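Asks: This is what each chain is made of:
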Amino acid sequence: MSPPVTKRRKLEHSESDDESQGSFAGFDETNGVDLDGSDAEDADDGSDVLMNGLEDLDEDEDASEDAEEDPKKEEYVHPSRKQTPAAKRRAPSLQNAVYTAESFKSNMFKLQLDELLEQVKPKYGKKEAPAENAMRTLKGIIESIPHRDPLPVIEAEKTLKTAGVAVPFPSPRPPKDAPYKLQYARPASVNATGSYPLKTATRAEEGLSIDLVVTMPKSLFHDKDYLNYRYFYKRAYYLACLAAGIKASKEHKFELSFDCLNGNQLQPVLVVRPSGNGDADDFSSSKCQINILVVLPEHTFAQSKLLPNSNCVRPKGSEDEAPNKTPIPTPFYNSTLQSDANITAYLKFFHGTASKADAFKDACILGRIWLKQRGFGSQLRKGGFGNFEFVAIMALLLQPNAETGAQSLSSGYSSYQLFKSTLHFLSRGDLTRKPFIFQALNITIPKAETAPVVFDGPRGQNVLFKMTPWSYSRLRSEAKATVDMLSDSVFDHFDAAFILKTELLKYRYDATLEIPLASLQLESTGEEYDQRLSESCRKIHNSLTRALADRITALSFTMPEQESWSISSRRPMENQRKSILINFATDPANATRTVDHGPAAENKLEAASFRNFWGEKAELRRFKDGSILESLVWSVKDSSASVVEQIVFYVLGKHVGAQVAEQAKFTSDVLAYLVPAGRMQGQSGIAPFLPIMNAFSAMEKDIRDLEDLPLQLRHIRAADSQLRYASVDIPSAGHYPASVVLQFEGSGRWPDDLCAIQRTKIAFLLRIAELLVQLDSGYVARVGIENPSQPAQNQAFLDVTVSAGFTFRIRIYHDREPTLFHRQIKDKSLDTPSRESAAASLALYKREFIQSPLHSQVLQTLCTRFLALSPSIRLTKKWFASHLLAAHFTPELIELLVIRTFLQPHPWPVPTTATTGFLRTLAWTSHWDWRHVPLIVDFSSNFSENPADLEDTKSRCMKSEDLERLQTRFEAWRRIDPAMNRVVLFAATNLDEEGTTWTDKAKPEKVVAARLTALAKGVTQAVRADEDSLLHYINNQSATKAHDPLTPESLFTTNMSEFDIVITINPKHTLNPPKKHKSEVQFKNLDLQQKSTSSFSSSSPTSTPLPLLFAQELLEIYGDAVLWFWDPETMDRIVGLWNPVVTGQRGWKIRAGWNSEPVKKKASSDGCGGVDIKANKAAMLHEIRRLGGELVKGVEVKQ
Amino acid sequence: MAPEAPQKMKKAKATPKTVADFTILPLTLPALPGLPESHGDAKHYMYIKPNEQNIATADDERSLFIANVPIDASESNIRALFQEQLGGAMVERVEFDGPVPALPLHKRWKGDRPTKEDMGGAEEKRGKKRKRTEDAAVIAEGVVEDADSALPKLWKSEVRRSGSGAVVVFVDKKSARGALKEVQKAVKDGSKTITWKTGDGVGVERYKAHTHLTYPAPSSLQASINAYLSQFNALESLRNKLRKTSRSVPDEDGFVTVTRGGRAGPARIEDAEKKKAELEERRKNNGVKDNFYRFQNREKRKEAEGLLKRRFEDDRRRVDEMRGRRGAVRPET
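In order, the protein sequences belong to chains F and V.
Reminder that position 1146 of the first sequence reads as 1146 in full-length UniProt numbering, one-by-one numbering, no gaps.
Reminder that position 78 of the second sequence reads as 78 in full-length UniProt numbering, one-by-one numbering, no gaps.
Just so you know, the hints here were simulated from the structure itself, not pulled from any lab data.
Please read these numbers as outputs of a predicted model, since none were measured by experiment.
Hints should not be assumed to be uniformly reliable.
Unchecked claim - Estimated spans, in silico, between C-beta atoms of each pair:
1. Thr819/F / Asp251/V: 25 to 33 Å
2. Glu52/V / Leu854/F: 51 to 59 Å
3. Ala972/F / Ser157/V: 30 to 38 Å
We treat Cβ as the ideally placed atom computed from N, Cα and C, and that holds for glycine.
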């Protein structure tokens, strides 16, 4: 059998060596794997081959196979090489620095990568030793299993049944009258394989899995056994014999079960788990399982018969007939068979590659981590792309390519470069259309093949044969996203690439469709169940993709998991109570389109296919431009179902089955309804703001046209969240005035004195008010006064209410003011309070008059570019308000957090619904280590989508120097203020490098920031738990029958019991909760009219709510003794927390800064008891009650 | 007072009667609905002593200093307190510190002490700058506001910051002493309950009034602006004149004082900046080019290398710190 290939056989460790291994070199001969130390020489030649293979494996080989599922490996060799990388890492020298900067993206990246690699590699030490022992034991047992004579199928099965083992025949089961016989003979070899011996395994919480390969002797097979599943039947029998043998072993007890290799029912494997009884064979402490795979010796069957376009499963009864007709190719069957034969070949191949390219193994580990975080696996149901496939492709790319003569990757690449180039290859071309054929000629890929093709010529197998079209498109997009991240020269994205788990349905996708398996009605026949299921999936996939077209950007399937089964029973039918999840990422620009245009009526062929697909939904319409097209019209009247949902159900019903459409459940954008107009309607999320935006432009124009103003207007700019699509409620008549900033042309006639400038501004405002009212177009204008305590700051504003009911608050910006403030700050002859107040005023001035308009302008642009940005911001703000945090965070800061999610969306694409935007923002916030990491938003990135300003944006783009500078500034703040009393969060953008514009003066304070983190973590956990329970549910594992989805409101409810003081506001004075559900209705004009009549007539629309005035006064009165919180949207409660540091008992002091009560100190040892003071909390509550008067309904305190 | 190690008090009853030289006066608070029951009998404590200031004033001996006044204290309820419950001493006025909203903060020279008027929040505000040696009114920037030129007030009444103090000025020395005695007696006695009267003008009406006052009538606003600006203009021309003289006339030592002169409008600043940028540009173009000499190249290389090294060290430090606080770098599960 085995050709004398091997010459490199080395023994692995000869003998017991558990550790001896270090070197491959050391081994010679013998079959590689001696588990027990004894060299297993049983081997015939065959075994040699194996051995080689094994050894290779051990060493480096393929790390790729997934540890868990691929059973090929064992390990043995332990780790010889562990210390090298670590040692290297420890002492980075300058050369390293130079080196890494080039080949590892950046030093930071390289250092983190090293750290990561070190963390995930198993230690190959004590912990793994019991498992290695067990492997050795197993090997011994297997080698001593007695030979079984050939028996006809029925009898063979019967014999094993008496031994308590059911043969795991694949479906279809072998015919009763099969002319061939099944037998067992001693294996050609037994070896460890896979990633564990290669040292490319990683630690994971579900434990390692180690593969043990048992190579069957060639003598069992005939030349034609590749046909009609014969090989697989023999294989199944062989495996059952192994199971029976291990089970029969008296001394050694293991838990045995069958499973399918990669979920491929043709390839059952035997899973060995620790018995848990604590005896010598118990390897529970290793946290791993051992998979025993049965494989075919190489070259048993002619390669040419197993090419992708040959047929190996002859139609029934036609084995000899109809020779002229070319039978349908069976690429999947062929590849499965080849993969059994190639396990050893791949081991050798990977081992060889690893010895040529030093970084290969590390790159394998990176690939493994990357795949895991994205939920890919070799399992058919997980997409059929796992570690093995990744490594195989990388190894192929490292070979000189026959066609081009050059290799795509160089063996001198660093692990990072290997990893990135492999991803680049995956993202690049479409392998389903243009197969990648490596060193093979005349390979024809059958038309029916739906999997992508990477044909490995020397081994004659399509590496990607297990992939589905949807998993391949997901792989490409993930690979592309990661390549993009890694190509970003400014930000590091290490976390996004390797640390974050990205395949979280709630975060990654916008909508989910749940289809119960039962509704597919597959259970009626057991035969070929898997095939029928995958056909159903393909059908669903094809019809949904065609129907949804550009409305979605991604579609993926989450299939229920398969389970292993007991060796004493046949493979059970899959539980039909499980479900399939289909996930969609929508494209907001198209998802809500209500009319689809099909082909023109004259185009008969296409029109017919269109009609055929859409059935009665298709209608012929004549459009404005005269064209007559087949088209579809979706209703938007029914506001409960989005267009996507309607399409999905229609198509399911039409093409998959009425019962499927009936039982399927569709969920999308579940949180959006919490804010008015949160779900996107029509084309954009900003439409509801159009009335106020239009009113603003009209007012601007009117003011510009005023002729009697003494100075020319330079501009009027919006500086308010209502004018940048970011207020929780849609502004309507009676809303809080929207700030705008007005600037005149420069003039030398302004006074050169801050206080006098303020008065001059008032004079201007009075004049504008007068002129506007004279216009007679319904303007109501009145000047208001503010900042009475700071005469140098802005003193007045002008509230202009337009006829539609919108109100704008105009303040005048004079560019001389900052200079005067600067002068005052620098004037050494002034006393400290004056200079401090000047500094504070300057910061305020810059924020209100410079940064806020700029920020508004940027946000306006971004909201039109990213349609989901506006609803996401509003939902996030709503969350802050619901948790009473809103008063502690400037709106701009919250907006920046959300914008960051959109501009640096990695590892996901840009969010396309309010829900995903919100959840991802909170997910980032929850792990934002604000003590040590600044928030940096680069507005200029991603602006390239608009080709018009592509060129000059390039130059404006943030560079790594800019980032460096911001980082330095941030670190400087932390040095100045290490206790974070003044600056807690640092938020900078490329337009505002201060970093403290929105957060200075402890806004928020440290405790509040910590609370934000805690609350965000809470939401993230709740959402993850919800997802877990959903996954349990689709796997039918949950205790309860129905999946109980998270109620959206629960994320928006804060726990009052944590606060010391709760002041309930008299309902007469609270703000009316906005009529949420109503305003989602389409008829905005009606809605507007109602509001304008109702609220306009009542109280004066534009004043600050009284409870808010009360709350602000509380802030001023109690300073830092109490931390106050409230929800500005409702103002129904004001809650407070005592500051324990400030208000605790302390020595007597005249001006403690809070209402105190004297307390006698316990007589101290010297006899004289002094007097301490502590906060007189009861009296303070009385004060608050008196101050609020009728506003306060009641005050409660925490017991 | 030197703070001593704080210790927990055992019983609420043992409220001390004095602390330092203050007498502690407990006040019973009016019962109001909506408060938790446990707080029904809450007391407020005021600390009272004769007024002594670092810089003595004439009023000192007829006044008392009260620390920790309730936030709704006002002249009327303090006056009522002494008159009705503490022996009937006649209060002339009460000066509070820590009013809310805070007093306008004006520029002040180092060493200037806040004046009495500032302390008391009196209507007229002092000029922002006063040079001691010269005519305050002339050299100051801004205007000393009077009733005409001040902006209208936004609040009908003030409240106090929590725990702030007040000076109560009595009509004469005798009343002050009598009042203090009365307080001491009441404290010693302990049987008499002294109740606090809710300040006038607090409650929802105050906020309603504020909303109203925020928008003064345009006419009164205009009048105040006019008054202010005409005062300002008069002062400004006076100031200019003064500056002009000091610019042109040497002082007794023969020096000419440098003062701000002419106009410095924004337009001129922009011009100046433009010019500056231009000059810099020119200098850049005319200077020695960067790679002209070999040593320049060498130095540049060296610098780049150093930078690389520094960066690397920085990064390493950051990663170490990161590990220190986050623990190991491990993929999220």
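Asks: All the hints need checking, so say for each whether the structure fits it.
Replies: Taking the hints in turn, this is what the structure says about them:
Here the CB-CB span from Thr819/F to Asp251/V is close to 29 Å, well matched to the stated 25 to 33 Å. One distance hint, 51 to 59 Å for the beta-carbon pair Glu52/V and Leu854/F, holds here, with the actual separation near 54 Å. Judged by the Cβ atoms, the range 30 to 38 Å given for Ala972/F and Ser157/V is violated: they are separated by roughly 45 Å.
Of the numbered hints listed earlier, the single one contradicted by the structure is hint 3.
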